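Trainee: First to last, the sequence lines map onto chains A and B.
Position 41 of the first sequence, counting from 1, maps to 86 under the working numbering, and the rest follow consecutively.
Position 222 of the second sequence, counting from 1, maps to 267 under the working numbering, and the rest follow consecutively.
The set of hints was computed from the structure by calculation and includes no laboratory data.
Honestly, I wouldn't trust all of these hints.
Copies of one chain are not kept apart here, so a pair can be met inside one copy or by any two copies together.
Stated by the list, open to error - List time: in silico BS3-like cross-link candidates among lysine-lysine, alpha-carbon distance up to 25 angstroms:
{"no.": "1", "residue 1": "Lys356", "residue 2": "Lys222"}
{"no.": "2", "residue 1": "Lys144", "residue 2": "Lys87"}
{"no.": "3", "residue 1": "Lys212", "residue 2": "Lys356"}
{"no.": "4", "residue 1": "Lys51", "residue 2": "Lys356"}
{"no.": "5", "residue 1": "Lys397", "residue 2": "Lys144"}
{"no.": "6", "residue 1": "Lys397", "residue 2": "Lys296"}
{"no.": "7", "residue 1": "Lys288", "residue 2": "Lys389"}
{"no.": "8", "residue 1": "Lys49", "residue 2": "Lys396"}
{"no.": "9", "residue 1": "Lys296", "residue 2": "Lys212"}
{"no.": "10", "residue 1": "Lys212", "residue 2": "Lys87"}
{"no.": "11", "residue 1": "Lys288", "residue 2": "Lys49"}
{"no.": "12", "residue 1": "Lys327", "residue 2": "Lys296"}
{"no.": "13", "residue 1": "Lys389", "residue 2": "Lys156"}
{"no.": "14", "residue 1": "Lys396", "residue 2": "Lys284"}
{"no.": "15", "residue 1": "Lys144", "residue 2": "Lys288"}
{"no.": "16", "residue 1": "Lys49", "residue 2": "Lys212"}
{"no.": "17", "residue 1": "Lys87", "residue 2": "Lys327"}
{"no.": "18", "residue 1": "Lys397", "residue 2": "Lys51"}
{"no.": "19", "residue 1": "Lys97", "residue 2": "Lys397"}
{"no.": "20", "residue 1": "Lys179", "residue 2": "Lys288"}
{"no.": "21", "residue 1": "Lys156", "residue 2": "Lys397"}
{"no.": "22", "residue 1": "Lys284", "residue 2": "Lys222"}
A quick note: this is a predicted structure, and the numbers were derived from the prediction, not measured.
Number of protein chains: 2
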Amino acid sequence: MDFKLKNDTFLRALLRQPTTYTPLWMMRQAGRYLPEYRETRKQAGSFLGLCKNPDYATEVTLQPLERFPLDAAILFSDILTVPDAMGLGLYFSDGEGPKFERPLRDESSIKALRVPDIDKDLRYVTDAVTQIRKALDGSVPLIGFSGSPFTLSCYMVEGGGSEDYAKVKTLMYNEPKLMHHILEISTQAVINYLNAQIEAGAQAVMIFDSWGGVLSHAAFHEFSLPYTQRIVEGLIKEKDGVKIPNIVFTKGGGIWIDSIANIGCDAVGLDWTMDIGIARQKVGHKVALQGNMDPVVLFASPNAIEVEVEKILSSYGFGSGHVFNLGHGISQHTNPDHAAALVKAVHELSKKYH
Amino acid sequence: MDFKLKNDTFLRALLRQPTTYTPLWMMRQAGRYLPEYRETRKQAGSFLGLCKNPDYATEVTLQPLERFPLDAAILFSDILTVPDAMGLGLYFSDGEGPKFERPLRDESSIKALRVPDIDKDLRYVTDAVTQIRKALDGSVPLIGFSGSPFTLSCYMVEGGGSEDYAKVKTLMYNEPKLMHHILEISTQAVINYLNAQIEAGAQAVMIFDSWGGVLSHAAFHEFSLPYTQRIVEGLIKEKDGVKIPNIVFTKGGGIWIDSIANIGCDAVGLDWTMDIGIARQKVGHKVALQGNMDPVVLFASPNAIEVEVEKILSSYGFGSGHVFNLGHGISQHTNPDHAAALVKAVHELSKKYH
Numbered sequence: 046m047d048f049k050l051k052n053d054t055f056l057r058a059l060l061r062q063p064t065t066y067t068p069l070w071m072m073r074q075a076g077r078y079l080p081e082y083r084e085t086r087k088q089a090g091s092f093l094g095l096c097k098n099p100d101y102a103t104e105v106t107l108q109p110l111e112r113f114p115l116d117a118a119i120l121f122s123d124i125l126t127v128p129d130a131m132g133l134g135l136y137f138s139d140g141e142g143p144k145f146e147r148p149l150r151d152e153s154s155i156k157a158l159r160v161p162d163i164d165k166d167l168r169y170v171t172d173a174v175t176q177i178r179k180a181l182d183g184s185v186p187l188i189g190f191s192g193s194p195f196t197l198s199c200y201m202v203e204g205g206g207s208e209d210y211a212k213v214k215t216l217m218y219n220e221p222k223l224m225h226h227i228l229e230i231s232t233q234a235v236i237n238y239l240n241a242q243i244e245a246g247a248q249a250v251m252i253f254d255s256w257g258g259v260l261s262h263a264a265f266h267e268f269s270l271p272y273t274q275r276i277v278e279g280l281i282k283e284k285d286g287v288k289i290p291n292i293v294f295t296k297g298g299g300i301w302i303d304s305i306a307n308i309g310c311d312a313v314g315l316d317w318t319m320d321i322g323i324a325r326q327k328v329g330h331k332v333a334l335q336g337n338m339d340p341v342v343l344f345a346s347p348n349a350i351e352v353e354v355e356k357i358l359s360s361y362g363f364g365s366g367h368v369f370n371l372g373h374g375i376s377q378h379t380n381p382d383h384a385a386a387l388v389k390a391v392h393e394l395s396k397k398y399h
Numbered sequence: 046m047d048f049k050l051k052n053d054t055f056l057r058a059l060l061r062q063p064t065t066y067t068p069l070w071m072m073r074q075a076g077r078y079l080p081e082y083r084e085t086r087k088q089a090g091s092f093l094g095l096c097k098n099p100d101y102a103t104e105v106t107l108q109p110l111e112r113f114p115l116d117a118a119i120l121f122s123d124i125l126t127v128p129d130a131m132g133l134g135l136y137f138s139d140g141e142g143p144k145f146e147r148p149l150r151d152e153s154s155i156k157a158l159r160v161p162d163i164d165k166d167l168r169y170v171t172d173a174v175t176q177i178r179k180a181l182d183g184s185v186p187l188i189g190f191s192g193s194p195f196t197l198s199c200y201m202v203e204g205g206g207s208e209d210y211a212k213v214k215t216l217m218y219n220e221p222k223l224m225h226h227i228l229e230i231s232t233q234a235v236i237n238y239l240n241a242q243i244e245a246g247a248q249a250v251m252i253f254d255s256w257g258g259v260l261s262h263a264a265f266h267e268f269s270l271p272y273t274q275r276i277v278e279g280l281i282k283e284k285d286g287v288k289i290p291n292i293v294f295t296k297g298g299g300i301w302i303d304s305i306a307n308i309g310c311d312a313v314g315l316d317w318t319m320d321i322g323i324a325r326q327k328v329g330h331k332v333a334l335q336g337n338m339d340p341v342v343l344f345a346s347p348n349a350i351e352v353e354v355e356k357i358l359s360s361y362g363f364g365s366g367h368v369f370n371l372g373h374g375i376s377q378h379t380n381p382d383h384a385a386a387l388v389k390a391v392h393e394l395s396k397k398y399h
């Protein structure tokens with residue numbers, strides 16, 4: 046695959062190279078807010094049915110790109126494919142989100158954890174990457190992704206989502222060695238998983254530390270960030286002479302942006318709570334920034350959306366290094382026309398900053 | 046009431062005057078984790094039954110102080126008494142948290158909002174303050190409190206708790222003037238409410254901006270902080286020659302600590318995500334700090350609790366200006382013996398820092 050990308054604005058922004066406008070994509074851009082997604086999901090029978098079938102995964106990955114001139118595609122998958130491949134038994138109960146049949150609840154199950162065989166157990170993901178990359182035909186870059194070890198561990202110990210993360214934090218405070226063991230195995234798994242996605246065709250990768258923000262400062266710097274750093278260090282950085290940038294996103298991580306920007310990543314994702322101009326001052330030339338509009342802004346009128354887009358663009362200011370995005374996944378209740386208004390506003394209003 | 050307090054460590058710490066140890070109390074210290082609280086609640090019939098009856102409110106306010114040598118009492122009440130007094134009809138449905146019968150859903154209901162008559166509609170709160178203050182008999186100071194205008198508005202517009210605050214944020218982005226109107230009325234109500242608590246005997250007051258942290262930087266500085274500042278400016282600062290310190294707590298507000306510390310408050314409450322030593326460097330001598338242990342630490346062993354207490358005390362370092370607290374309300378699932386271990390650890394381990 047040595048063809049040139051027709052639109053490499055996203056990759057250039059991640060590497061802080063000049064661009065003529067600010068590129069954007071939206072977290073969870075292939076999702077339930079799109080009627081065509083809901084249609085395909087109905088055919089597939091379930092969310093996991095979409096993830097595990099490369100044809101369906103390709104179809105839904107491309108859907109938002111057919112509607113909107115987005116600057117990147119992101120692999121349609123779920124962060125919990127990794128613990129599923131580790132044997133925890135992922136399932137989705139209607140309206141309740143992800144669950145595990147065999148969560149980690151005792152020392153023996155933790156000690157028995159093994160790094161999964163990506164070629165065997167996660168082949169459906171790398172097959173999807175290859176197929177999506179081919180279907181994109183060089184239009185825009187494809188992003189691969191994984192959960193961070195801490196975020197995966199949250200789900201693995203809690204057995205699903207949680208309000209207070211009491212089980213995983215109690216383990217962490219009472220049995221730090223066992224917690225570190227889960228994180229060690231998960232780290233190796235994530236490195237292998239992301240590198241396999243890169244080998245299969247992912248042109249950038251993103252690590253989602255969706256739950257790192259529930260930790261104390263001390264716990265985040267002991268149980269989350271060092272493992273994310275080891276992943277960044279273990280990633281393939283270049284393929285066929287082309288750089289593969291990586292993005293680290295910690296929801297609620299704004300207060301720790303100094304340390305996150307220091308782990309060697311190319312870009313830091315921001316939720317909407319931190320001002321992106323302040324973030325840029327803090328990280329200087331170390332990393333690019335991705336974000337950071339509150340997804341709820343898309344519930345407001347197209348005029349109000351434009352106002353908020355301009356606030357973020359002007360706060361970031363002149364020059365490259367900004368990938369526009371939402372600060373969290375787009376809500377299923379979003380009107381697709383409002384997503385279109387966002388894309389238009391970012392593309393048009395950003396030109397004057399380049 | 047001109048008797049001297051037997052233990053004024055809490056008030057001295059808020060005013061950054063020397064103390065011999067670090068004082069502490071726990072948010073939601075009178076609550077469901079205590080069997081005696083559950084017993085009284087059963088007698089009262091409901092949570093609101095406790096709040097609205099000064100005898101019960103006094104009884105449960107004092108319960109944690111009978112168990113643990115805490116350095117402050119906090120009025121037993123709810124932040125939603127104010128919108129209830131504004132006519133929104135507060136009720137609690139089992140296991141679902143607070144709800145309003147008449148949430149603010151249109152312009153006419155917003156325009157019809159009135160500042161409540163504290164003497165008439167919230168008399169049960171000021172009566173409770175007077176009675177609790179008398180029952181405390183000068184043992185420790187009594188804290189009064191209120192929700193911040195933004196946090197109250199969230200509940201008033203959403204009609205209850207929310208996962209994404211879509212209704213209140215949509216109003217805010219689409220109809221900022223209507224949102225500011227709700228905030229204006231709420232601000233005046235909160236000033237009157239807190240000053241009435243001070244007149245009735247509260248010796249310190251705390252403003253809970255429990256949901257300010259869900260906003261973007263720009264929205265927080267437009268829709269939350271300026272109103273909190275106006276409350277701080279409008280508060281009675283001294284009574285009978287004694288200072289009445291105030292505390293502003295924004296959950297998730299660590300990234301905005303510079304601006305929060307600048308609104309003229311005496312102390313800033315911190316959740317557990319920001320390192321308290323870094324926070325102290327940022328605020329300098331402007332304010333005292335209250336916090337900041339993750340309440341989930343109390344699920345761990347007493348030994349692990351001690352380790353976390355020492356981390357926070359040593360991060361804050363030498364000298365006064367620190368009130369130890371949890372970064373959020375104590376969980377109903379906490380073992381009271383672990384709360385006792387916390388109190389003991391803070392009192393003993395903090396001596397060397399004073």
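Trainee: Give the relationship of Lys212 and Lys87 under a CA distance limit of 25 angstroms: within one copy only, between copies only, both, or neither.
Mentor: Intra 34 angstroms, inter 29 angstroms, cutoff 25 angstroms: neither.
Trainee: Please work out whether the CA atoms of Lys51 and Lys356 approach to 25 angstroms or closer within one copy, between two copies, in both situations, or in neither?
Mentor: This pair counts as neither: shortest intra-copy Cα distance 29 angstroms, inter-copy 53 angstroms.
Trainee: At 25 angstroms max between alpha carbons, let me know whether Lys49 reaches Lys396 within a copy, between copies, both or neither.
Mentor: Answer is within; shortest intra-copy Cα gap is 23 angstroms, inter-copy 66 angstroms.
Trainee: Evaluate Lys288 and Lys389 at a C-alpha cut-off of 25 angstroms and name the case that applies: within, between, both or neither.
Mentor: neither (28 angstroms within a copy, 55 angstroms between copies)
Trainee: Please work out whether the CA atoms of Lys288 and Lys49 approach to 25 angstroms or closer within one copy, between two copies, in both situations, or in neither?
Mentor: within (13 angstroms within a copy, 70 angstroms between copies)
Trainee: At 25 angstroms max between alpha carbons, let me know whether Lys212 reaches Lys356 within a copy, between copies, both or neither.
Mentor: between (40 angstroms within a copy, 21 angstroms between copies)
Trainee: Up to 25 angstroms between alpha-carbons, please classify Lys87 paired with Lys327: within, between, both or neither.
Mentor: Answer is neither; intra-copy 45 angstroms and inter-copy 53 angstroms both fail.
Trainee: My question is about Lys397 and Lys296: at a cut-off of 25 angstroms on alpha-carbon distance, are they close within one copy, between copies, both, or neither?
Mentor: neither (29 angstroms within a copy, 37 angstroms between copies)
Trainee: Regarding Lys97 and Lys397, is the shortest C-alpha distance of 25 angstroms or less found within a copy, between copies, in both, or in neither?
Mentor: Classified as neither; 43 angstroms inside a copy, 58 angstroms across copies.
Trainee: At most 25 angstroms between alpha carbons: which applies to Lys284 and Lys222, within, between, both or neither?
Mentor: Close neither inside one copy (36 angstroms) nor across copies (53 angstroms); limit 25 angstroms.
Trainee: Have a look at Lys396 and Lys284 and pick one of within, between, both or neither, based on CA distance no larger than 25 angstroms.
Mentor: neither (30 angstroms within a copy, 58 angstroms between copies)
Trainee: If the cutoff is 25 angstroms on CA atoms, where do Lys389 and Lys156 land: within, between, both or neither? Let me know, please.
Mentor: neither (51 angstroms within a copy, 35 angstroms between copies)
Checked against the numbered hints above, the structure breaks hints 4, 5, 6, 7, 10, 13, 14, 15, 16, 17, 19, 21 and 22 and satisfies the rest.
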